[in-house]
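Chains as they are written, first to last, in numbering that gives the first Met the number 0: chain B, 0 to 99; chain Y, 0 to 717; chain X, 0 to 205.
Simulated from the structure, these hints should not be mistaken for laboratory data. These numbers were taken from a predicted model, which means no experiment stands behind them. Where is the CB? At the ideal position from N, CA and C, for every residue including glycine. Don't take each hint at face value.
What the simulated footprint calls covered on chain B by chain Y, stretch by stretch (three residues with Cβ under 8 Å from a Cβ of chain Y suffice, anywhere in the stretch; the number is not a length) [what the hints assert, rightly or not]:
#1 12-24
#2 92-99
Derived DSS-like pairs: lysine-lysine, alpha-carbon spacing no greater than 27 Å straight-line [said to hold, decoys possible]:
#3 K466/Y <-> K627/Y
#4 K77/Y <-> K208/Y
#5 K208/Y <-> K65/Y
#6 K175/X <-> K98/B
#7 K98/B <-> K89/X
#8 K77/Y <-> K2/Y
Partial list, computed: chain X residues near chain Y (C-beta under 8 Å) [what the hints assert, rightly or not]:
#9 L94
#10 L98
#11 A101
#12 E105
#13 I107
#14 A108
#15 V109
#16 V110
#17 H112
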Amino acid sequence: MVPLSWYLALSAVLFTIGVVGVLIQRNVIALFMCIELMLNAVNLSLVAFSRFHNDVTGQLFVFIVMAVAAAEAAVGLAIIISLFRNRETLNVDEADLLKL
Amino acid sequence: MLKWITLAPLIGAAINGLFGKLITNKLGQKAAERVIGFIACASVGVSTALAFIVFFGREWPVVNGKPQIAEPFFTWIKVGGFQADFAYLLDPLSGVYILFVTGVGLLIHIYATGYMHGDPGYYRFFCYLNLFMFMMLTLVLADNLLLLFVGWEGVGLCSYLLIGYYIKWDVAGDAAKKAFVMNRVGDFGFMIATFLIFTAFGTISFVAKGDIPSLLEKAAERPVEAFGVFGVMTAIALLLFLGATGKSAQIPLLTWLPDAMAGPTPVSALIHAATMVTAGVYLTARCSAIFVKSPTAMAVVAVIGAATAIFAATIGLAQNDIKKVLAYSTVSQLGYMFLACGVGAFIAGIFHVMTHAFFKALLFLGSGSVIHGMSNEQDIRKMGGLRKYMKITAATMMAGWLAISGVPLLSGFFSKDEILWRAWSTDALPPGMGKVLWGVAALTALLTAVYMTRMMVLTFFGRERFKDESHSHAGPAHGHSAQGDEHGHHGEPHESPALMWIPLVILAILSVVGGYVGVSPALSSLVGVHAENRFEHFLEPAIAKVGGHEVAVQTGAQPAVAAQAEHAASSAQTESHGAAASAAKTTAPREAAHDTRTELTFTIISTLVAIIGLLLGWLIFSSNPLRKMPKLLEEKYRVDEFYDEAIVNPIEQTSRHFLWQVVDVKIIDGFVNGVARLFAGLAGALRYTQTGFARNYAAVILVGAIIVIGYFGYIALR
Amino acid sequence: MEFAHILFLALASLAVVAAFNVILQRNPIYNAIGLITVLCCLAALFLTLNAQFISAMQIIVYAGAIMVLFVFVIMLLNIRSEESVTDRQKYLKWLAAPLFLALLGEVIAVVRHVERFQPPAPLPSANTMNNPEAVLGTVESIAHGMFTDYVLPFEATSVLILMAIVGSMLLARREKKEDIERIEQALAAQEAEQPIVEDSEEEVAA
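Okay, chain B solo, but in the shape it has when bound:
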């Protein structure tokens, strides 16, 4: 059997990559994709735990997470489209009206 810690380690690596991606990327759509990457890493972790505890609750959680991720992707992309219409650019640094 593959030890649980391997799955968790992979989940951690993917998550960390996603986080760093949020920092690095300037394209707002790529930014979004890094966020999806983070969500998937967590899904992996949940499923691994579900298997190793023999409890279906983990997989139910993943189900809900996927549904939420879908909703979030839809709304987020709508926002991005609206942002693009106003700024004509997808550089996330252009949306800085919250600056003091």
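Knowing the structure of chain B, use the given hints to seat chains Y and X on it.
Relative to chain B, chains Y and X alone:
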């Protein structure tokens, strides 16, 4: 009943103050004056009547050997062991005071209704004057030091209001401020003394409250401090005296009184001659129990009293304003009173207070009459020969003149002579000091006679100098200008209306006969009547007696016995007011006779001094009225200038350059503004974290997450 | 080294490489391809973990719907490669690597201790007729759990999806001319009452 003596003038003040303007507007000046004047005089009249009724009415209950009426009004402060009530105490000392304060006050109120005629602020004047009477009576009738202080401060306030009565005249305003500030310096001493008294005796009340004995009884239990030793009693006494110097214009706080002559003349008469300035003497006499325990303080009081007396007398010699002469004369006579207290003759001092109130009020009111008749001319160099034009004023003022000079058989003679004799024969001070003080006092008496004669000669006798030049007004512009127009030509002096000369006549009578209550037995023996000094006998229970100054411990009985030797008391006439048990006849007749002879000798010396002074003054000034007096005296020894340089200017410079520009602007404002700037700076610095870029926010969140995870991981893995 | 381990390592390395692709590529289409690769690898890993239903859901929903949506949007916005715009937060590039290592280090440090966990027992096959619902990963087990214990989150999720639909429609709608005129009239009327200048509103309404 006692509270109505004080409250009646307060009611008068309230009515006049609140409705005076309304009355003046509705009724017109003339009718309003009558109404307001009536209210004011009536309220003081009620006080006077009540005072006489209480004084001469039913016998006073005797408490602890002292006849007194204690009347509580309401509890004011009661905190722990400290109690100060609004409560009144009528004992011989305050009884004498309320009689002449209300009596002379009433006469002056009546006079003022005539004097202030035509003044637009009539109602204000009488409101303040009534308020003053309320404060003074509270001061005198107070049964504890705190209420006395309320009255003390109140008379200071009314003095300020009344000196500065002519609001548009800058000189008056400055004089009022000067009076108030100098009073406050004295009040500082008073307050510290009160604190010390409370600390030392545990009470500030003059009557026993419950089982706490009065402060006077407690003071009487203390030992006498040796001369030169600076103990608690000496400290308290000196601080009380500091308060008294402020209120009664002694050295070093005397310069406000001559400047206070900027107020209307009735004010000068009432406040600065008869009543307020005697509050210092009242305080000293009231706390005599403390003073007699401290020969050092008594010496200080006597020396300063005598020094002030002669200092002011020399200045009075050279003044040309009729009111200033009288002002310095007041200071000088107050010095006499303190001299009396200092040598242990408190009662003689009070006697002089009373007679001085009569003749000094008379002299001031008379001078007001002269000023009024001369259409506001106050310079005596411009008067002369007025006795033809103002007969009543002249006659009454001559009575006052003779009284103050100490001519025999008038009131001033008796009181002054008593003081001189006591100064010589005192044993409260180190030996020899009394003799020196007698010398100074006698010299002052001479000078008094001289300068009063000068004033009278220049005013009433001689060539009519006012006809020399076209009239020039040298006085303040006030309501009198209206009246002057009514009388047609300004140049002709005229007698004052009846409202003004009737009080003068009454006061003149009092000045002549008022002294007979206090004739010492030595003098009365001349006429064959062996009467004791009624005044002294009456006041004895209220005043402490001096019992030698080098004894360590004194019990209460010993000083009484020792002091009895001073009285040549043959028979004790029981007064209808419950005499004390001092009917001892323990004096040896031979000693009494020796003392009597010495006393008579000194009486003759006093008489000679008075007559010489009168003659000197007459001779010098009749022939040459406008003789120039030494410039130093005319400039009042430049004391005001000295105070300005030494005290006022440094304070002003410090305030302006240090306290204002450094402490206020730089430190306080700097601190407050600095705090604001600090926060503004912080905000400015923190603003840089809100960049608006989502990536920065994400980075910060990540860093935070790392820290938190690290922390919890560390805890979990330990 | 069993087959399971080798399979895991292969899938894991593919996922990691694709993930690096996601974060480092310029062209958004390449990012999307990387992400799809990661999703598929994860789906395979789910299979190894006896999560058949979830694995299928991953492919259908995530890779099949969400990523398609992403690609649609990318193509709709007609984005070329990232323009050479000067990066205003240059420091983040240098900050990324240390933070990466920090976070990774921390999590690995925690995860190492999970070694002592016991390996799980093998699961029965779903074909046994004993208790179909009890077998982990089957549709029955998920349905059983979803509609009994966790029905509330399920319903809430459906509401959430409804909100998402409405929201995304509203946000992405191109405003019609009448709407623009109506908004401008309302703004003018408001300014007549209280003359307050708000520059952001003008920009948005334009």
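Outcome of the hint check:
Counting residues of the segment 12-24 of chain B whose beta carbon lies closer than 8 Å to any beta carbon of chain Y gives 3, which meets the minimum of three for the stated coverage. Check on the segment 92-99 of chain B: 7 of its residues sit with their Cβ under 8 Å from a Cβ of chain Y, so the three-residue criterion for coverage holds. The straight-line distance between the Cα atoms of K466/Y and K627/Y is roughly 21 Å, inside the 27 Å bound, and the hint therefore holds. About 12 Å separates the Cα atoms of K77/Y and K208/Y, which keeps this hinted pair within 27 Å; it holds.
At roughly 15 Å between alpha-carbon atoms, K208/Y and K65/Y fall within 27 Å of each other, so this suggested pair holds. Note on K175/X and K98/B: the hinted pairing is violated, with a Cα-Cα distance of about 31 Å set against a maximum of 27 Å. In summary, the hint linking K98/B to K89/X is supported, as the alpha carbons are separated by about 18 Å, within the 27 Å threshold. Taken as a hint, the K77/Y and K2/Y pair is honoured in the structure, with Cα atoms around 20 Å apart against an allowance of 27 Å.
For L94/X, the interface hint holds, the least distance from its beta-carbon to any beta-carbon of chain Y being 6 Å, beneath 8 Å. The interface hint given for L98/X is met, as the beta carbon of that residue sits about 6 Å from the closest beta carbon of chain Y, less than 8 Å. Below 8 Å, beta-carbon pairs count as interface contacts, and A101/X has one with chain Y at about 5 Å; its hint therefore holds. Checking E105/X against chain Y: minimum C-beta separation of about 5 Å stays under 8 Å; hint holds.
Annotation: I107/X was flagged as interfacial toward chain Y, and the flag is violated, the nearest CB pair being 10 Å apart, outside 8 Å. Here the hint on A108/X is kept, as its CB sits about 6 Å from the closest CB of chain Y, short of 8 Å. With 8 Å as the threshold, the beta carbon of V109/X comes within range of chain Y, its nearest partner Cβ sitting at about 5 Å, so the hint holds. Checking V110/X against chain Y: minimum C-beta separation of about 10 Å lies over 8 Å; hint violated.
Taking 8 Å as the C-beta cut-off, the interface hint given for H112/X holds, the closest approach to chain Y being about 7 Å.
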